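Enquirer: As a plain string of letters, each chain reads:
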Amino acid sequence: MRGPTRAGRAACAIAAALTMAGCGGGGGFGGAGVLTSSWGDPQNPLEPANTNEVQGGKVLDMVFRGLKKYDPRTGRAVNMLAERISTPDSRTFTVTVRDGWRFSNGEPVTARSFVDAWNYGASLRNNQKNAYFFGYIDGYDRVHPAAGRQRADTLSGLRVTGPRSFTVRLNQKFAGFPDTLGYIAYAPLPRAFFTDHAGWLRKPVGDGPYQIASYTKGSAMTLKKWNGYPGPDPARNEGVTLLVYTDSNTAYTDVLAGNLDLVDDVPATQLKNVRTDLDGRYINTPAGILQTLAFPYYDPKWNTAGARKVRTGLSMAINRAQITQTIFRRTRTPATDWTSPVLGTAGGFQDGLCGPACAYDPAGARRLVREGGGIPGGQLKITYNADTGSHKQWVDAVCNSINNALGDDKACVGNPVGTFADFRNQIGQHRMSGPFRAGWQMDYPLIQNFLQPLYYTGASSNDGQWSNKQFDRLVDRANAETDRAASVRLFQEAEKVVRDNMAAIPLWYQNGSAGYTARLSRVALNPFSVPVYNEIKVG
Amino acid sequence: MGRYVARRLLQMIPVFIGATLLIFLMVNVMGDPIAGLCGERACDPATAAQLKREFGLDQPLWRQYVTYMGNVFTGNFGTAFNGQPVTELMAAAFPVTIRLTIVAVAFEIVVGIALGVVTGLRRGHPVDTGVLLATLVVISVPTFVTGLLLQLLLGVSWGWIKPSVSPAASFGELIVPGLVLASVSLAYVTRLTRTTIAENKRADYVRTATAKGLPRRRVVTRHLLRNSLIPVVTFIGTDIGALMGGAIVTERIFNIHGVGYQLYQGILRQNTQTVVGFVTVLVLVFLLANLLVDLLYAVLDPRIRYA
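As they're listed, the protein sequences go chains S and A. So the first sequence is numbered by my numbering: it starts at 1 and just counts up by one. So the second sequence is numbered by my numbering: it starts at 540 and just counts up by one.
Quick caveat, the hints were computed from the structure, so don't treat them as lab data. Fair warning: this is a prediction, and the values are worked out from it, not measured in the lab. Glycine is no exception: its CB is placed at the ideal position from the N, C-alpha and C atoms. Among the hints, a few may not be true.
Unchecked claim - Each pair of labels, with its calculated beta carbon distance range:
| id | chain 1 | residue 1 | chain 2 | residue 2 | range |
| --- | --- | --- | --- | --- | --- |
| 1 | S | N273 | A | G669 | 31 to 37 Å |
| 2 | A | F612 | S | G418 | 29 to 35 Å |
| 3 | A | L560 | S | H197 | 31 to 37 Å |
As the list claims (entries may be wrong) - From chain S, some residues computed to sit far from chain A (all C-beta separations above 12 Å):
| id | residue |
| --- | --- |
| 4 | T87 |
| 5 | S90 |
| 6 | T94 |
| 7 | S104 |
| 8 | P163 |
| 9 | R164 |
| 10 | R191 |
| 11 | L271 |
| 12 | N303 |
| 13 | T345 |
| 14 | G372 |
| 15 | V413 |
| 16 | G414 |
| 17 | T482 |
| 18 | V497 |
| 19 | N534 |
To be verified - Beyond 10 Å from chain A on every Cβ pair, some chain S residues (computed):
| id | residue |
| --- | --- |
| 20 | D71 |
| 21 | E83 |
| 22 | R84 |
Assemble the whole structure, with the sequences as input and the hints as a guide.
Expert: Here you go:
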C-alpha cells in the first residue's frame, strides 16, 4: 500500500489540525502477507446449512472443509476429509472420515461432527435455509415435514458406526450423491456450535485453512492463516481481510487507488476501461451460472402445444451474440444448452445442444410464433426485479430483439418489479402472466444440479411448475445409474426433452470477473466465481 | 415559555405515530419479506412458515404495529434477518452518521455563513458575483456527480485521500464526504445569509447603531448578524434531519457504513424491522431538530413565543 504523497500529508496535517484525527499511511488492514478483498454483508447468520448466497459462502469456504471439495480449476469433486465413500446399490453409502483432521479449536473431526451437523441442518426447528439439501436422506419427511410439526429430531438414514465412519441411507437411488458432498451445507460442525451457539455465530470455528480472527458484522472480517491446518491446500498467504462494500464501483475505485487488493465483482460500467486500468490484472472466466427466461405453466395459455412453438420462436428471436457483446462486454457467453461450460464435456456440458432453437433467426421466429397462434395474451411481458443486477438493460434489449424479429414494436415489454423480495413473492404466489427472469447458480458442478431442481415435477426451484413425465423418468434413471458416463448421457437425454419443449429459454452463461493490484499473484476464480483465496500469493 | 414548549411537545405525538404507521404500512405493502430470503429459489414452505412466526409476520398488520410500538417504548426494535438485534445495527450506524452530519453542519455554519456575510455586505462586488456563480453551480450539480468526481480526483488521481472510508470512520476521513454531503445545503445557506444580510443592512436599527458611532465589527456581529440568522437557523435545524436520512448517496459513494447504508440494505432485503426501526429514530431526530429550531426562535425573537 502506498504512503500518502506530500500533498496528502499536507491535507492530513490540515485535517488533523481541524479534527484531531490522524490519517494513517496505508490501509491499516493489509500488512505483510495479508490481502484485503471486497465483500458483501451476508444475508443470514453464518451457519453452513443456512448460507445460500455467495458472500456468506465465501467465508465458509475459507473456514470449512467437507468430505469433498470441488477442484477450483476443473470443478470435479475430489475427496477431502473423506477417506472412502462406498456404496453397493447407490442408495446406502458408507463414509470413512480421514484421520488427523481437527477443528481450529483443537477438537478432532469425527463421524459425529458430520452426523450432528446434518441432523441440525435438516431439522425444521432450526430454520436452516439449505435444509432441503438433506431431503435425499431417509427420514427427512419426519424431521422436516412440509406441513405440521416435526416428528423426529434426527434423520433415520444417518448412523454413526465408528469414531470415523458412518452410513447414509437415501430415500431414492442417487449415484451422484457423493459428488454433492462438497457443498457447504454438508460441512462438519464442532461441539462448540451446539453448546455455545451464540458465541460460535459471533466467531465461527471450522476445520479449513483459515480461522476467523475478528468479525465486525456489517463492516469487516479478518481471517488469518491457520498454521495447524492438516489439509493438502493450506493458505499461501498470511491472511485475508474482507471489507464490506455497498457499491462495487467504490471497491473498484479502491483497487485503482491501491487501497484494496482484490475486487471480485467488476461493475458493468467499468468493463470498458478495466483492461487498460488494471493492465492484465483482470480475470473474466466462466462460472456455473445460467440465465434463462422461465414460463408460468400454471397459466393454461402457456401450457399448450401451440405455446411450445411460440416459446421456441421467441428463443430464435433473441440475438444473444449482440446483447452479450454490447451490454455485457463479453462477460457473458450466449447459451447453447441448459447447463454450463464449467461442467466440461465429461460432466455433461454439450455445446450446441440447443441447436437452431438458440440461433438468431428472425424469419424462423416469425414463422413459429405465427404457427403457434401468436403470443398468448397478445403481448409478451418479461417480469424482472429492478433493484439489483441491472436487469432492466438486458430485458429491454431482449424485448427490442424480439420486437424487431417479429416486426411489431409492441410485441414485448419489460415488466419491472420494485424489489427482489416482491419479485420472489409474486413468483411464489404464481402470479406471473408471462416469462420471467430466472438465474441459476449451481450448488455443485453436476449436470443433475442444472436440471432436476429446475424442471423435475414439483422440484424446489421449478418456479414455472413445468411437468413432463418423460423428463422425470429419464432423471430417475440417470440418478439410479452407477456408471458416471452413462448417468451423464441419460441426463443429456432429459435435457433434450427440455429443449424440445423449450421449457425455459436459455439466454447466456455468466462469467465471474475480478480485478486485483500488483501486490497479488496466482489469483483465480473457481467455478462458483469466488476467488481461490488460499492460493493467492501476496507481495 | 413553558406553555409554548408543552404545546410543541404535544404536537409531536400524532406526528410520530402517523409517520411510523405510514412507514410500517409502506414496507408491508411491498409484499412478503420472507420470499426474498432464500435467494433465487423459493423457501420451502415449512421453513418459511416458521420464519414468519418467529418474526411475527403471520399476525394481522394492526397487531404487528401495536406490538412493534409497544416494544419500541421499551427500547426493543426487534431482530434483523441476519439475526442481529436492530439496536446493535443502530449502535454501529448512528455514531458514524452523526459524525458525518457534524462535519457537514460545521461546513454549513462556518463556510456558508462566512461567505454569506462577506457577499451580503459587498453586493455587486466581484467577490459577490463569483460566489453567486459558484453556488449556482454547486446547487445544479447532483451530489453523486460531485462525490464521484472528488473521489476520483482526490482519491485516485492525486492520492490525497483514500477513496473509501474505513469502518472506523474517523473525523479525518469524513472531511471530504462531509463536504460533499453539505455542498448543496452550504450553497443555500450562503445565499440565504447573503439575502437577509443585504436586506437588513438598510434596516433602521442598523443605521441607528452606525449613527451611534459603534464600531463596524460590533454593528455587524451584534445587530446585523443576530437578526439575520433566524431564517438561517431554521434552515440548518431542519437540514440536520434531512442530512441524517438523506446521506444514502454520499454514504454509498464513500462506502460509509452509516444510517443510509443500513436503510438501503434494509429496503433491498425488505427487512421490515431494520427499515421501520431506523425510520422511527430518524423521525424522532427530525422532530427534535424542529423542536430545537422552534425553541431557538422563541429565544431569538420574543414575539414568537406569545403568538
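Enquirer: Hint by hint, note whether the structure agrees.
Expert: A quick look at each hint next to the structure:
1. Range check, N273 (chain S) to G669 (chain A): Cβ separation about 35 Å, and the 31 to 37 Å hint holds.
2. Taken as a hint, the range 29 to 35 Å holds for the pair F612 (chain A) and G418 (chain S), whose Cβ atoms sit roughly 31 Å apart.
3. Restraint check, L560 (chain A) to H197 (chain S): a C-beta distance of roughly 36 Å satisfies the suggested window 31 to 37 Å.
4. Against chain A, the non-interface label of T87 (chain S) holds: every CB pair exceeds 12 Å, the least being about 27 Å.
5. With a least beta-carbon separation of about 25 Å from chain A, S90 (chain S) lies farther than 12 Å from that chain, consistent with its non-interface assignment.
6. With a minimum CB-CB distance of about 29 Å to chain A, T94 (chain S) clears the 12 Å threshold, and the non-interface call stands.
7. Every C-beta of chain A lies more than 12 Å from that of S104 (chain S), the closest at about 22 Å, which supports listing it as non-interface.
8. Look at P163 (chain S): its CB is around 33 Å from the nearest CB on chain A, clear of 12 Å, so calling it non-interface holds up.
9. Look at R164 (chain S): its CB is around 32 Å from the nearest CB on chain A, clear of 12 Å, so calling it non-interface holds up.
10. R191 (chain S), annotated as away from the interface, keeps every beta carbon of chain A farther than 12 Å; the closest lies near 21 Å.
11. The Cβ of L271 (chain S) lies farther than 12 Å from every Cβ of chain A, with a closest approach of about 17 Å, so its non-interface assignment holds.
12. Residue-level check passed: N303 (chain S) sits 20 Å from the nearest beta carbon of chain A, beyond 12 Å.
13. The non-interface label for T345 (chain S) is consistent with chain A: the shortest C-beta to C-beta separation is roughly 26 Å, beyond 12 Å.
14. Taking the minimum C-beta to C-beta distance to chain A, about 28 Å, the non-interface status of G372 (chain S) holds against the 12 Å cut.
15. With a least beta-carbon separation of about 22 Å from chain A, V413 (chain S) lies farther than 12 Å from that chain, consistent with its non-interface assignment.
16. For G414 (chain S), the shortest C-beta to C-beta distance to chain A comes to about 19 Å, beyond the 12 Å cut-off, and the non-interface label holds.
17. At roughly 28 Å from the closest C-beta of chain A, the C-beta of T482 (chain S) stays outside 12 Å, upholding its exclusion from the interface.
18. Every C-beta of chain A lies more than 12 Å from that of V497 (chain S), the closest at about 22 Å, which supports listing it as non-interface.
19. Under the 12 Å C-beta cut-off, the non-interface status given to N534 (chain S) relative to chain A holds; the minimum distance is some 25 Å.
20. Once the 10 Å rule is applied to beta carbons, D71 (chain S) is consistent with being away from chain A; the minimum gap is 25 Å.
21. The non-interface label for E83 (chain S) is consistent with chain A: the shortest C-beta to C-beta separation is roughly 33 Å, beyond 10 Å.
22. With a minimum CB-CB distance of about 32 Å to chain A, R84 (chain S) clears the 10 Å threshold, and the non-interface call stands.
Every hint from the earlier list agrees with this structure, and none is contradicted.
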